[in-house]
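Asks: Going letter by letter, the sequence shown gives residues 1 to 241 in my numbering.
Derived from the structure by calculation, the hints contain no laboratory data. Every value quoted in this text rests on a predicted model; they were computed, and no experiment measured them. Backbone N, C-alpha and C define an ideal beta-carbon position, used for all residues, glycine too. Where hints are given, some of them may not hold.
Said to hold, decoys possible - No farther apart than 25 Å at their CA atoms in a straight line, the calculated lysine-lysine pairs in the PhoX-like style are these:
no., residue 1, residue 2
1, Lys131, Lys116
2, Lys80, Lys116
3, Lys131, Lys196
4, Lys209, Lys145
5, Lys214, Lys131
6, Lys214, Lys80
7, Lys196, Lys209
8, Lys96, Lys131
9, Lys214, Lys196
10, Lys145, Lys80
11, Lys196, Lys116
12, Lys145, Lys116
13, Lys96, Lys214
14, Lys96, Lys145
15, Lys196, Lys145
16, Lys131, Lys38
Stated by the list, open to error - Label pairs and their calculated CB-CB ranges:
no., residue 1, residue 2, range
17, Asn27, Asp91, 33 to 39 Å
18, Met21, His150, 20 to 26 Å
19, Glu211, Val144, 30 to 36 Å
20, Gln90, Met21, 40 to 46 Å
21, Asp77, Tyr29, 52 to 58 Å
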Amino acid sequence: MKNNPLACQWIIPSFSAVHGMLGVMRNEYLGPLNERQKETLGKSGKTWEMVSTLIDDSLALGLKRTKKDRAAIHPVDGAKLMRELGALFQDSASQKGVDIEFEIQDSLPQLMADEKLMEELFVNLISNAIKYTPRGGRVRVSLVKETNTHVRFEVEDTGIRIPEQDRSRLFTEFFRSKNAKAFTQEVKGLGLVIVKEILDFLSGRIQVKSEVGKDTRMIVHPPVFEKSKRAPSAPHQPGPQ
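Based on the provided sequences and hints, a complete structural model is requested.
Replies: This is how it looks when you write it as structure tokens:
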């Protein structure tokens, strides 16, 4: 199902019908319920929400993979893109009570990527850091030049730590560390998978650093546009026949 978005779309209406019937019973349209029946239907509703989220995530991942097939690789102004996203995340972090700060250097080398894929990469890592940082915590985002041919994108947060035994599985579909499950019961586990797939596609790299007593850091080295090399043209889009 995760590799076939159409399968998800076929299943969703069937699950929606089941969910609708649960709602009819829960609202006692078919007659009054006793306490045990109400408890059972309540659990069924929670199970539905979990399954629905898994379907949504599988569909989203399938669409991301489809989008990679249509990617147009060209020079991207990473600093401009990050500044545009920064304003959005300032608001979401503030609502959660998390302090967020950005360091974006000027005159950065351009990234060699698809702009939409880079945006998804940035969004996934930053939103992940905010989500797993408790109220009163801090998230620091930086996009800086290491050398003339290397750029470093880093997200550092004071949120939950990632146990060493879990780090090798962080990029596995639907995997969530014990600390993540304890912090929030949301059934996710795809954000970092999407990040890793994008970087693999673009030939970029990611490192994870998380130690007891220290901030968690996600360090990304995206591909950089080299002026000596000609940028590949966008893929040909056939017109209507």
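Asks: Is the straight-line distance between the alpha-carbon of Lys96 and that of Lys145 25 Å or less?
Replies: violated, 30 Å
Asks: Assess, step by step, whether the Cα of Lys96 is no farther than 25 Å from the Cα of Lys131, and give holds or violated.
Replies: Holds, because 9 Å separates the two Cα atoms, which is no more than 25 Å.
Asks: Going straight from one Cα to the other, do Lys131 and Lys196 come out at no more than 25 Å?
Replies: holds, 19 Å
Asks: Is the straight-line distance between the alpha-carbon of Lys214 and that of Lys80 25 Å or less?
Replies: violated, 30 Å
Asks: Taking the CB of Met21 and the CB of His150, does the distance hold inside 20 to 26 Å?
Replies: violated, 57 Å
Asks: Is Lys196 close enough to Lys209, meaning Cα to Cα at most 25 Å?
Replies: Holds: Lys196 and Lys209 sit about 15 Å apart, inside 25 Å.
Asks: Please work out if Lys145 and Lys80 have their alpha carbons no farther apart than 25 Å.
Replies: holds, 14 Å
Asks: Decide if the proposed pair is consistent with the structure: Lys131 and Lys116, CA atoms, cutoff 25 Å inclusive.
Replies: holds, 22 Å
Asks: Checking one constraint from the list: CA of Lys214 to CA of Lys196, max 25 Å. Satisfied?
Replies: holds, 23 Å
Asks: Quickly compare the C-alpha distance for Lys209 and Lys145 to 25 Å and report which way the hint goes.
Replies: holds, 20 Å
Asks: Given the hinted pair Lys145 and Lys116, is their alpha-carbon gap at most 25 Å?
Replies: holds, 21 Å
Asks: Holds or violated: are the alpha carbons of Lys196 and Lys116 at most 25 Å from each other?
Replies: Between Lys196 and Lys116 the Cα gap is close to 15 Å, so the pair holds against 25 Å.
Hint check: violations occur at hints 6, 14, 16, 18, 19; the rest are consistent with the structure.
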